[in-house]
Amino acid sequence: MSYVSTDSTGGTNFWVSFFESQRLVSGTIIILIYILLLSIFAYLISGYIAKLYRGEKTWLDPISGRLVNFFINIFGEDAKKDTKMREYFITLLIFNAAAGIFAFIFFYFQTYFPFAGVTHNYSFSLSFNTVTSFLTNTNLQHYSDPLHLSYLSKTFVLTGLMFLAAATGFAVSMAFIRGILNENGRIGNFYRDFLVSVFYLILPLTILVTIIFILSGVPQDLSQYVNVNPILSGGIQRLPLGPVATWEAIKNIGTNGGGFYGSNAAMPLENPNWFTNLVEFLSFTVIPLGSILSLGKVFNNRGFARTLYIVLISIFFFTTFMTFFAEYSGIPSITSLGTLFTGNMMGKETAIGISQSSIFSSGAVFTSTGAADSVLLAFTPAGLLGLMGNLILNDPLGGVGTGVLNIFMYVIFAIFITSLMVGKLPELMSIKISSKEIKYSTLSLVTHPLLVLIPFGITMLLPALVIGDPNPRPDVISSVLYEFLSAASNNGSEVGGFATNTAFFNIADGILMLMGRFILMGLQLAIAQSFATKSPKVETGRTIETGSPLFALMLFVTIIMLGVLSFFPVLALGPFLSWAKDFNLFIGGLL
Amino acid sequence: MKPKSVIKLFAFAALFMFILGFVYPTVSSLAAEGLDPFQANGSLIEDNGTVYGSYLLAQAFNESYFFQPRPSATGYNYTGSGSGPYALDANQTLNQTRNLINKFISDNPTVNISKIPYSMVSYSGSGVDPDIPLLGAQDQIPRITGSLHSILLVSGKNVSNSSLESFLNKTVSKYVVQNFPLFGSYYVNTVQLNFAILNLLIGYGAIKGY
Numbered sequence: 001m002s003y004v005s006t007d008s009t010g011g012t013n014f015w016v017s018f019f020e021s022q023r024l025v026s027g028t029i030i031i032l033i034y035i036l037l038l039s040i041f042a043y044l045i046s047g048y049i050a051k052l053y054r055g056e057k058t059w060l061d062p063i064s065g066r067l068v069n070f071f072i073n074i075f076g077e078d079a080k081k082d083t084k085m086r087e088y089f090i091t092l093l094i095f096n097a098a099a100g101i102f103a104f105i106f107f108y109f110q111t112y113f114p115f116a117g118v119t120h121n122y123s124f125s126l127s128f129n130t131v132t133s134f135l136t137n138t139n140l141q142h143y144s145d146p147l148h149l150s151y152l153s154k155t156f157v158l159t160g161l162m163f164l165a166a167a168t169g170f171a172v173s174m175a176f177i178r179g180i181l182n183e184n185g186r187i188g189n190f191y192r193d194f195l196v197s198v199f200y201l202i203l204p205l206t207i208l209v210t211i212i213f214i215l216s217g218v219p220q221d222l223s224q225y226v227n228v229n230p231i232l233s234g235g236i237q238r239l240p241l242g243p244v245a246t247w248e249a250i251k252n253i254g255t256n257g258g259g260f261y262g263s264n265a266a267m268p269l270e271n272p273n274w275f276t277n278l279v280e281f282l283s284f285t286v287i288p289l290g291s292i293l294s295l296g297k298v299f300n301n302r303g304f305a306r307t308l309y310i311v312l313i314s315i316f317f318f319t320t321f322m323t324f325f326a327e328y329s330g331i332p333s334i335t336s337l338g339t340l341f342t343g344n345m346m347g348k349e350t351a352i353g354i355s356q357s358s359i360f361s362s363g364a365v366f367t368s369t370g371a372a373d374s375v376l377l378a379f380t381p382a383g384l385l386g387l388m389g390n391l392i393l394n395d396p397l398g399g400v401g402t403g404v405l406n407i408f409m410y411v412i413f414a415i416f417i418t419s420l421m422v423g424k425l426p427e428l429m430s431i432k433i434s435s436k437e438i439k440y441s442t443l444s445l446v447t448h449p450l451l452v453l454i455p456f457g458i459t460m461l462l463p464a465l466v467i468g469d470p471n472p473r474p475d476v477i478s479s480v481l482y483e484f485l486s487a488a489s490n491n492g493s494e495v496g497g498f499a500t501n502t503a504f505f506n507i508a509d510g511i512l513m514l515m516g517r518f519i520l521m522g523l524q525l526a527i528a529q530s531f532a533t534k535s536p537k538v539e540t541g542r543t544i545e546t547g548s549p550l551f552a553l554m555l556f557v558t559i560i561m562l563g564v565l566s567f568f569p570v571l572a573l574g575p576f577l578s579w580a581k582d583f584n585l586f587i588g589g590l591l
Numbered sequence: 592m593k594p595k596s597v598i599k600l601f602a603f604a605a606l607f608m609f610i611l612g613f614v615y616p617t618v619s620s621l622a623a624e625g626l627d628p629f630q631a632n633g634s635l636i637e638d639n640g641t642v643y644g645s646y647l648l649a650q651a652f653n654e655s656y657f658f659q660p661r662p663s664a665t666g667y668n669y670t671g672s673g674s675g676p677y678a679l680d681a682n683q684t685l686n687q688t689r690n691l692i693n694k695f696i697s698d699n700p701t702v703n704i705s706k707i708p709y710s711m712v713s714y715s716g717s718g719v720d721p722d723i724p725l726l727g728a729q730d731q732i733p734r735i736t737g738s739l740h741s742i743l744l745v746s747g748k749n750v751s752n753s754s755l756e757s758f759l760n761k762t763v764s765k766y767v768v769q770n771f772p773l774f775g776s777y778y779v780n781t782v783q784l785n786f787a788i789l790n791l792l793i794g795y796g797a798i799k800g801y
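Chains as they are written, first to last, in our numbering: chain P, 1 to 591; chain Z, 592 to 801.
Only chain P is shown next, with the shape it has when bound in the complex:
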């Protein structure tokens, strides 16, 4: 089925035609290249992130250090003192509330502010949803049309919140690690951590990625739109333009994920070709994975970082290849139509293709990014299940900073279980884990399923909410489940199908996002506080070695079991049922 007859490279080379015709092999290789590049870049940045976590000197000190000190001096004593968890968390909450209030005012009343360029105002519930989702690093796109966003809404409100959310996440991870390292009961200062996150990590990377995007064809200008006269046709169309490249850069670097255009990274102006696709993928995965790898250097325990890397990458491999194979195979009703089928291209872009769409979508749910370069509604049921596999684990790699916190919740829980099983002392980095930490980590692990399943159950009891969805019932269940999973894990990708921009979903998602973000942060900081008062003991050899293969296995099993046990029943009603129906896996007309 090779069809490279007018191949520009000559068309006779065996390998060229082999890779062209064997799409499954080439796709697998492309995915492996993506994961390899991710690992390399994450490793390269991990040393730098470790320095930030330990508060050591870096090569950006001459510029970033001065900026940080400049702003610390402006804000005086509040930005200098070393605080306990309570004050740190309250500062963080007030800061986020302030940002949320400003954002809401500027967004809800956007037509009343300077250089609006629009006459459209958003409803209260949609404004609430959009502001909370950008504030919590979720970035659902219930708004859709960039022509309706004023210049200030696009920049000050949404771009501003994307920066703030990412830097808040990283600041919390700095405080958490300081809690483990410190013995004086203090976890740092929010102002300082926020400024360090912005000027040492997020802004420099964003500037770098912005430049790459501009050079690759992503637009960046000040106009609201340009009038286009399509060739040989009468109607003039408005093409929305604006600061797309900066938006894209912080969207990915900050693991935010809300698109400038309605179709997110599927829109060729956001993501013109394979190169930008790769850059976007790397930019939203590199800080989360780099932070995880940096833990080895931070705690002087390479084995620990290796364990986490192996566990996380195995989950990523599994879910990515599940999605890729499913998308490559399609579903029988479509493949049997007789066209040349090389993968489920419905809802995907030609310039990106099956394998790159699969790994991009999978990476976006593996981290809390939620960007999409393809339409998730048009994914096969098994492909969607691969993506949901990450969401039910509350985005294993997490967002900027929050990934470190999430993985520690699993680590504490796994250490506790493993220690109980083999009769050793539960210790993390030679600090004793007491009942308090177990309580908080367990609470934070059950928060996610509760936040998802309760509203999901309520929605299922009120069929009127999803009556407009024309799709088969199991698909509707998948979409609703996905919507809440995405909101509660602060991911922000969407399947859609039913109308999501309704008062019910806007408000429900908004509340879920706030709880999913700030309850977890509170619990995690409480653990940090509890660790901050304890000092490490000398290794006694009576504890679980966190670098050992046994612990890696236990951690893997713990993560998978928690996710699967919480969500298996609903997964069975949703994606599993669609899958089985599409492939006629039922015996004797059970359904």
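Don't read these hints as lab results, they were simulated from the structure.
Where hints are given, some of them may not hold.
Cβ-Cβ distance ranges computed for the label pairs, FRET-style [what the hints assert, rightly or not]:
1) Phe109(P) to Lys799(Z): 47 to 53 Å
2) Lys748(Z) to Gly468(P): 51 to 57 Å
3) Trp15(P) to Lys799(Z): 45 to 51 Å
4) Ala499(P) to Leu606(Z): 56 to 62 Å
5) Asn639(Z) to Leu147(P): 23 to 29 Å
6) Leu606(Z) to Phe18(P): 55 to 61 Å
7) Ala580(P) to Val750(Z): 29 to 35 Å
Small disclaimer: the values here were computed from a predicted structure and weren't measured.
All C-beta atoms in this analysis are idealised placements derived from N, C-alpha and C, irrespective of residue type, glycine included.
Guided by the hints, dock chain Z onto chain P, whose structure is given.
Then chain Z, alone, in the frame of chain P:
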């Protein structure tokens, strides 16, 4: 927490939303326009101040002598999005796909169904995907050849089918690219192809301008 500290936090939030959210994108836009105006404005195709499209965005191309892009669920609208409201396994999707296949075959009667790439009969994610698989372009060459031949005849130019066909093949192989180095599949950009066709027609005087 003291009221003064709360006010400071509000100022801190507003200041950083302003610096990072407003100043940074605005300054970048000004810099980008100086740096590389063509790409910074969205790869627009401009002629005498009128914008005819973007190389990155498909259009309807409602003429039979144009390469047809992939079908669009949004009518090639720049502000719409998505591949329609239906899941892949909905009956509506199946019917849609059947209709799109029938349309493709009736437009290009010489093509066997097993040579139609599925991309050509499925909606793209953005609704404005300008790219089609190489085979999807080759499928359309016979139709476009015939179409070009007859429109040129109308304006009094008798150009042979074979020279038109070799022009189209050459154009397609000029613009073919891969969606990943070495391992990607081959595709062409219909906007680039169709502008080549337009320029050919303008060169022969068959049409006046865009």
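Verification of the hints:
1. Phe109(P) to Lys799(Z): 47 to 53 Å: holds (48 Å)
2. Lys748(Z) to Gly468(P): 51 to 57 Å: holds (54 Å)
3. Trp15(P) to Lys799(Z): 45 to 51 Å: holds (48 Å)
4. Ala499(P) to Leu606(Z): 56 to 62 Å: violated (38 Å)
5. Asn639(Z) to Leu147(P): 23 to 29 Å: Between Asn639(Z) and Leu147(P), where Cβ atoms are some 25 Å apart, the hint holds.
6. Leu606(Z) to Phe18(P): 55 to 61 Å: Once the Cβ atoms are compared, 57 Å apart, the range 55 to 61 Å for Phe18(P) and Leu606(Z) holds.
7. Ala580(P) to Val750(Z): 29 to 35 Å: Between Ala580(P) and Val750(Z), where Cβ atoms are some 57 Å apart, the hint is violated.
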